[in-house]
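Asks: Here is how the chains run, residue by residue.
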Amino acid sequence: MQPINSKKTPLTFDSIEPGAGLAVAMKKSRADIIGEVAASNLRGRGGAGFPTGTKWNLAAAARVKDGEFKYVVCNADEGEPGTFKDRVLLLDYADLVFEGMTIAARAIGAARGILYLRGEYVYMRAHLDAVLDRRRKAGQLGRGVLGVAGFDFDIEIRMGAGAYVCGEETALIESLEGHRGEPRNRPPFPVDTGFLKQPTVVNNVETLASVTAIMARGAAWFKGIGSERSAGFKLFSVSGDCDQPGVYEFPLGITVKELLAKVGGSNAKAVQVGGASGICLPVADFGRRIAFEDVATGGSIIVFGPGRDMLHVAKNFMEFFVEESCGQCTPCRVGNVKLLEGIEKLEQGTCTNAYLKDLLSLCETMQLASKCGLGQSSPNAFVSIVNNFQDEILGRTPVLIRGER
Amino acid sequence: MIVGQQQKMQDEIRELIGQHGRTRAALLPVLQELQRRHASISDFAMQVVADELGIHPAEVYGVVTFYAFLHHVPMGRFQIRLCQTISCDLAGKARVARQLENELGIAFGETTPDGRFSLEWASCLGMCDQGPALLVNDHVYTRVTPDQVHQIIEDCRKVFGAHAAQPTHA
Ligand SMILES: Cc1cc2nc3c(=O)[nH]c(=O)nc-3n(C[C@H](O)[C@H](O)[C@H](O)COP(=O)(O)O)c2cc1C
Ligand code: SF4
Ligand code: FES
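Chains S and X are the protein sequences, given in the same order. In this text, residue positions in the first sequence follow our numbering: the first is 1, and each later residue adds one. In this text, residue positions in the second sequence follow our numbering: the first is 406, and each later residue adds one.
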C-alpha cells in the first residue's frame with residue numbers, strides 16, 4: 001500500500017553530479033548560457049515542446065523597472081493523466097531541478113524562483129524545503145549565489161489546490177496571483193507579462209533538470225541523443241496493461257512498438273500517447289515514432305490490453321475534462337458535457353450515425369474555438385477512438401448499470 | 406459561531422496574513438492553511454480574509470469554490486480521495502470505491518454524520534503505475550485492494566482517541 005520506487009531504467013540524471021552544471025554556467029556569459037541551451041535543441045518537456053533557448057532569449061530581452069524582478073517558475077503541477085515522471089524527479093533529483101531554475105535565473109536575469117507544486121504532492125513538501133535549505137547553506141541560493149556579487153536568487157515553493165488546468169502556464173500564474181486558475185489570452189506571453197506582470201519563464205520540471213545536464217555535459221552531447229528534430233533523452237511515465245509500469249528513460253524517436261517491448265506490453269490493442277489530451281493509437285500505428293515530428297508527448301503512455309472497451313476509455317477521459325474544464329469559455333465548458341452525453345448515448349446503443357457526425361463536428365469546433373489547450377485538445381482522444389475503433393462504437397447493446405462494465 | 410470563536414478566527418487570520426503578506430498573492434496560501442487546520446473555510450473566515458486583503462468577499466468565495474482542495478462546507482477530519490482517472494480505473498478502482506462506500510456507509514461526495522470522514526473522487530494523483538491510488542488527507546496509498554479498505558479506515562479511527570481533537574469547523 002506504500003508507494004514503491006517507479007524507476008525501471010537507469011536515468012542519465014544519475015550520472016549528473018549536483019553542482020557541476022551550475023559551476024559551468026557561472027563561468028559563462030548570459031548569452032552563452034542561452035546559446036548553449038539553444039544549441040542543444042532542447043524542447044519543453046511539459047507537453048507543448050516549445051524550444052527552451054528561444055523562450056529564455058525572449059525573457060532575457062524583456063526589461064524590468066527598478067525594484068521589480070523577473071521570475072523563473074518551475075511547473076510541477078503534473079496533472080496530465082498517466083504522467084508521474086516529475087514526481088520521481090522531485091523526489092530523487094530535486095537538486096538538478098533547482099539547479100536548472102538557478103541556471104535559468106542566471107541566464108535571463110531573474111531574482112525570484114517559484115516551484116508550483118500540485119496539491120496532491122504535498123507529501124513531498126518537507127523534503128523539497130530541506131533541499132532548498134541545504135542549497136541556501138551551501139551558497140547555491142540566496143544573496144550572491146556561489147559568491148558572484150549581484151547574482152541574488154532564491155526559490156520558494158507554492159502549492160496548487162487540486163486543479164488540472166493550473167498546469168497551463170497562464171492559469172498557473174493566475175493561481176500564484178491569488179485568483180481562480182483561469183487561463184489568460186495569449187499574447188501577451190509570460191516571457192514579457194507573467195507573474196505580477198513581470199517577465200517570467202515557466203518551464204516543466206524535466207526541462208529544468210535537462211538544462212542542468214546540458215550545462216554539465218554540453219549541447220553537442222545532448223543533441224547526439226534522440227532523433228534529428230527531437231534532441232535528447234526523455235522520461236516516460238508508463239501505466240496500464242503492461243508487465244512493468246513505471247518511469248523509463250528512452251531517446252526521443254523511439255517507436256511505440258519498441259517501447260511496448262521494453263515495458264512488457266507487446267500484446268497491447270491500443271496505446272494512449274500524451275495522456276487524456278493526447279491521441280489513441282491502434283496496432284496499425286505502433287510503428288510511429290514518439291518525437292515532436294511524429295507523435296508528441298509530455299511522457300504519458302497508457303497501454304490498453306486486448307480485452308479493453310475503448311468507448312469506456314473515451315468516457316473516462318471525457319469525465320476528466322468535464323470535471324477539470326475551468327468553465328471560462330463556451331466551446332470547452334459546454335462541448336465536453338455534450339461529448340460526454342454523446343458517449344453515454346453510444347454506450348447505450350442509441351446513437352445514430354448522423355448524431356455521431358454531429359459530435360465529430362463539435363470536436364472540430366472545440367479544437368478551433370477553445371481559449372486554451374485544455375479545450376483545444378480534450379476531443380483528441382474521442383476523435384481518435386471513434387476513427388480507430390469504429391467497430392466498437394455504433395450499435396452496442398445497452399449497458400444496464402451506468403458506469404459499470 | 407459564538408463571539409469568542411469569531412475573535413479567535415479573526416486573530417488567526419491576521420496572524421496568517423502577517424506571515425504571508427498583505428497582498429492578493431497571499432490569498433491561496435492563507436486559504437490553504439485555514440483549510441488544513443479546520444477542514445473547511447467558513448463564510449465568516451472568507452469575510453475576514455476579504456476584509457484583511459481589501460478585496461470583495463465574492464472574490465474569496467470565487468477562489469474557494471474553484472479549487473477542488475478548498476471547501477466552504479464542513480468536511481470530515483479525514484478526507485479520502487480516490488483517483489477515478491484511467492490508469493486507476495484499469496487497475497480496478499470501481500471495486501475499491503464500492504468497498505469504501507460500504508465501510509463508511511456514505512456515497513462519494515458525502516461526509517459521515519460524525520464529521521470524521523469525507524469521501525470524494527480525485528483526478529489522476531500521479532501514482533498511475535501503482536493504482537488504484539487514493540489520498541487520505543496528505544497521505545498517499547497505492548495498489549489499494551478492496552480488502553485493505555477496512556484497515557485504511559481503522560488507521561484513521563485510531564487517531565480519534567478519547568481526547569483526540571474534533572474538527573473545529575472554521
Ligand atoms: C490544460 C493544460 C495543462 C498543463 N499541465 C502542465 C503540467 O502539469 N506541467 C507542465 O509542465 N506543463 C503543463 N502544461 C503546459 C504549460 O502550459 C507550459 O507549456 C509548460 O509548463 C512550459 O514548460 P516547458 O516548455 O518546459 O515544457 C499544460 C498545458 C495545458 C493546456
Ligand atoms: S478551453 Fe476550457 S479550460 Fe481552457 S479557458 Fe476555455 S473553459 Fe477554461
Ligand atoms: S490515473 Fe490514478 S493516479 Fe494517475
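In case anyone wonders, no lab produced these hints; they're calculated from the structure. Source: prediction; values computed, not measured. Any given hint might turn out to be false.
[To be verified] Coverage of chain X stretches by chain S, computed from C-beta distances (three or more under 8 angstroms per stretch; other residues unrestricted):
no., stretch
1, 421-431
2, 469-475
3, 483-491
Glycine is no exception: its CB is placed at the ideal position from the N, C-alpha and C atoms.
Asks: For every hint, state whether the structure bears it out.
Replies: Structure-based check of all given hints:
1. 421-431: It holds: at least three residues are needed, and the stretch 421-431 of chain X offers 4 whose Cβ sits within less than 8 angstroms of chain S.
2. 469-475: Holds, because 5 residues of the stretch 469-475 of chain X bring their Cβ atoms closer than 8 angstroms to Cβ atoms of chain S.
3. 483-491: holds (count 3)
The structure meets every hint from the earlier list without exception.
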